[in-house]
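Visitor: These protein sequence lines map, in sequence, to chains A and B.
Sequential numbering of the first sequence, starting at 1, is according to the UniProt record's numbering.
Sequential numbering of the second sequence, starting at 1, is according to the UniProt record's numbering.
Keep in mind the hints are simulated off the structure, nothing from the lab.
Errors might be hidden in some of the hints.
With a cut-off of at most 27 Å between alpha-carbon atoms, the simulated DSSO-like pairs for lysine-lysine come out as follows [said to hold, decoys possible]:
1. K226(B) x K205(B)
2. K205(B) x K103(A)
3. K371(B) x K27(A)
4. K226(A) x K103(A)
5. K27(B) x K62(A)
6. K62(A) x K125(B)
7. K103(B) x K27(A)
8. K371(A) x K27(A)
9. K27(B) x K429(B)
10. K205(B) x K125(A)
A few chain A residues that don't get close to chain B, going by computed Cβ distances all over 10 Å [what the hints assert, rightly or not]:
11. T39
12. R43
13. F463
Here the structure is a predicted model, which is why all the values come from computation and not from measurement.
All C-beta atoms, glycine included, are put in the ideal place defined by N, C-alpha and C.
2 protein chains.
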Amino acid sequence: MITSKRPRVLAPQNEDFPRWYQDVLEKAELADNGPVRGTMVIRPYAYGLWERMQSEVDARIKAAGAENVYLPLFIPQSYLEREAEHVEGFSPELAVVTHAGGKDLAEPVVVRPTSETVFGELMAKWVQSHRDLPMLLNQWANVVRWEMRPRTFLRTTEFLWQEGHTAHATQEDATAYALRIHLDVYRDFLQNVLAIPVLVGVKTKLERFAGAINTMTCEAMMGDGKALQMATSHELGQNFATAFDITYTDTTGRDQLCWTTSWGSSTRMLGGLIMSHGDDNGLQIPPRAAHIQAVVIAVKDDERTINAASDLFDALRVAGVRVRLDARTTQGFGRRATEWELKGVPLRIEVGPRDLESGQVTVARRDIGEKSAMPLDEVASSIPNLLESIHAEMISNARARLEERTMDAATMPEALEASKTGFARIPWKILGEDGERALNERAVTVRCLQTPDGTVPGPPDSFDELVAIVGRSY
Amino acid sequence: MITSKRPRVLAPQNEDFPRWYQDVLEKAELADNGPVRGTMVIRPYAYGLWERMQSEVDARIKAAGAENVYLPLFIPQSYLEREAEHVEGFSPELAVVTHAGGKDLAEPVVVRPTSETVFGELMAKWVQSHRDLPMLLNQWANVVRWEMRPRTFLRTTEFLWQEGHTAHATQEDATAYALRIHLDVYRDFLQNVLAIPVLVGVKTKLERFAGAINTMTCEAMMGDGKALQMATSHELGQNFATAFDITYTDTTGRDQLCWTTSWGSSTRMLGGLIMSHGDDNGLQIPPRAAHIQAVVIAVKDDERTINAASDLFDALRVAGVRVRLDARTTQGFGRRATEWELKGVPLRIEVGPRDLESGQVTVARRDIGEKSAMPLDEVASSIPNLLESIHAEMISNARARLEERTMDAATMPEALEASKTGFARIPWKILGEDGERALNERAVTVRCLQTPDGTVPGPPDSFDELVAIVGRSY
């Protein structure tokens, strides 16, 4: 491994995980703090990852039949007052524009904390007849929630996200659609692109989204054993439709209230990607999420090396690999290799004069930190398969960690003990709401409730048969 | 033509073009007004167009080597004061957040009218050595400029755009890069995707971007003969680098000021697309820009028709056509056909029982309003070529209109007369700055200055050899 002899640039994870996270944000050139407290600058390498994530999530949302819209950044204050529960949740987090166009505004406008209320107003207008249903909408946008304890990607005053809002004629249809989004969009993306195994389940009443009758969540375990909520999907029953008067005329000509859902995921997933797979040498980007899956590094500045590297770069591009050429031979090879390792590029293909003489190159895998020789003429055909097997190994390793660090607990003290290093599984019957509150006092929360075989339960009247996953969380 | 007998839904263009524009926004379900004055809701059909435009522009920006970043929405007021010329241009348009997180802010923050100043601060930090140059950055984001006379897509308080900012070691490199973006990104996209012929040239000193030493523009002619500025690219010389202290250490170890550029395009292009190609029956979307290039309409609700339409839909999708299936047979065929015509879908493929009996379907072209029969088994192989020839005809027609409505003028009165119906070409030597000001008093502006053969001139000391394109504009 090339990493053994160099001075370390990141705090070791097991000594100080939060410090490691801050270090990797800076050294891998992922993000800077914005000039206004709590805001962030997403640098090219991290934004390239976000673009990949966005395009993969978006393709799944479109496959589920939803269409994208764009709603305004500014919301009249009166809109937020429409749904009392809603405004109560957000009001301390709001940013308010009071001055614009050179004068004070008669009615201040709020910078959207979500576009929920605007979706509500518009759906009330756009949904008229049963023919308009289901109405399946989504938006990619920035939102603002003034953040007292910001942490880049995880909790920032401004973040990027998608929020879906749908209206349905029946509860069955709404329930089925929310579940479809949750499993076919979020879980599928998280596991099959980000290589992050997630626990799917529902939130307890305490943790449920305000106004929802059911909140589903995808919970992932980070490298330090803490949980990160990666995406949530809500069934809003008829609460939201009632607040915004979203009704339709049914086939018999009668007015009916709609059933609605909402669901979202955000740049927080970038934090999850970093903390799931990163190690003491930096990021590890899973191949399907990587906008740079392989980098061809010309080791030395001689013509034959540069040409061979350039040919290999072309061949890999033709083979469908997202590849970069690093021909910055005025900089030392070691320094460049370390940079790509820090950035977690899955494969480094090192092209040097000595290897070329024997008709081969060196392929370095970021995930297991090993190098091997590969015949030059096999590279373009082998790399796509190698990338796929790296994906499989990464999720398998992440799953092994999740399983290793999830304990079955039969009592509260056992659950608390387990949550020091990971998750505990404890029957809800044993925990109950009192137990949940007692955990919360110790900064441990119920991440989700699952059926005993780990699936998403339907919206139940009682949680008695369910198992609670508890842990510390971001 | 199916349109001859039905009541008209749009004001005719030649009676009231602005009314036609408002009508088509509403009837083709493109946009709604937002709840805060001057803001807009981009509905699914228009947002689908924007996604296509964004992906085509973005691919060209990436091909030119620039990388995307995301910078914060909020900017401290002090940042804007750094570049005096800059803040003067924007201050009456700014929206200011004075209250956030439940209390009044010590320093109010501005909602970005552009991210220019933040790019300046960051580039000063990120550019250190000649090795960091050129630094080629771009951002897709929403921006806010409080708008007194809003018009959807053309002038809105909030709009979506991309802004590129680059830093270079030499003026030659900055000049060449700005020109490359202008021609290979903007002109290429506008002509080869949107099928809108554009005049490329430079702005006069009066029209030049504040702080720029040269502003290049792409000017298009709308259906009413007025001009729309579709995209601009600026050479900022060392002005911007001086204001933000963007310097690099050259190969001899000396500090040098950078040369910078900036360039942008926005949702305004949606307005240009609508007003370039639309007619009295609605939109006309050029095939390469269309997210729905063809719609397969099942005319009647019988099994054979539905199956044939569905098979055709699959075959077209496999052939790489962006296609929709319209099997809403509970609604009348005529109403559905009119809807797709209004939305400007380039091809409607009508599948009905009578046609099927003779093994064919009816293909309706939106651009020329003609229908023809096509053997069922030729559709999938013929449509891609047909779409390409529609693109070619659309740009050729738009070019013919541009040429027809651009007059050579030798005097001011001739130029004014020509600008009632289109553009005038007048030598700058005849016009000059006094003439330009006189035109401006009549609401006519110099759209750009070109070389006599219609190309972009370099940044000249004198415009004496150039030709001015003048016209009314949006």
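Visitor: Against each hint, give a clear statement of whether it holds in the structure.
Guide: Results for each hint:
A threshold of 27 Å between alpha carbons decides the hint, and for K226(B) with K205(B) the separation of about 21 Å falls inside it, so the pair holds. Using a Cα cut-off of 27 Å, the hinted pair K205(B) and K103(A) is violated, with the two alpha carbons roughly 30 Å apart. This hinted pair does not check out: K371(B) and K27(A) have alpha carbons roughly 61 Å apart, beyond 27 Å. Taking the CA atoms of K226(A) and K103(A), the gap is near 48 Å; set against the 27 Å cutoff, the hint is violated.
A hinted pair counts as satisfied when its Cα atoms are at most 27 Å apart, and K27(B) with K62(A) qualifies at roughly 24 Å. A threshold of 27 Å between alpha carbons decides the hint, and for K62(A) with K125(B) the separation of about 39 Å lies outside it, so the pair is violated. Annotation: proposed proximity of K103(B) to K27(A) is violated, straight-line Cα distance about 35 Å (limit 27 Å). Simply put, K371(A) and K27(A) have alpha-carbon atoms about 23 Å apart, close enough for the 27 Å limit, and the pair holds.
Restraint check for K27(B) and K429(B): not satisfied, since their Cα atoms lie roughly 47 Å apart, outside the 27 Å limit. Taking the CA atoms of K205(B) and K125(A), the gap is about 47 Å. The hint is violated against a cut of 27 Å. Not every C-beta of chain B lies more than 10 Å from that of T39(A), the closest at about 4 Å, which undercuts listing it as non-interface. At roughly 6 Å from the closest C-beta of chain B, the C-beta of R43(A) falls inside 10 Å, breaking its exclusion from the interface.
For F463(A), the requirement that its beta carbon stay farther than 10 Å from each beta carbon of chain B is met, with the minimum near 34 Å.
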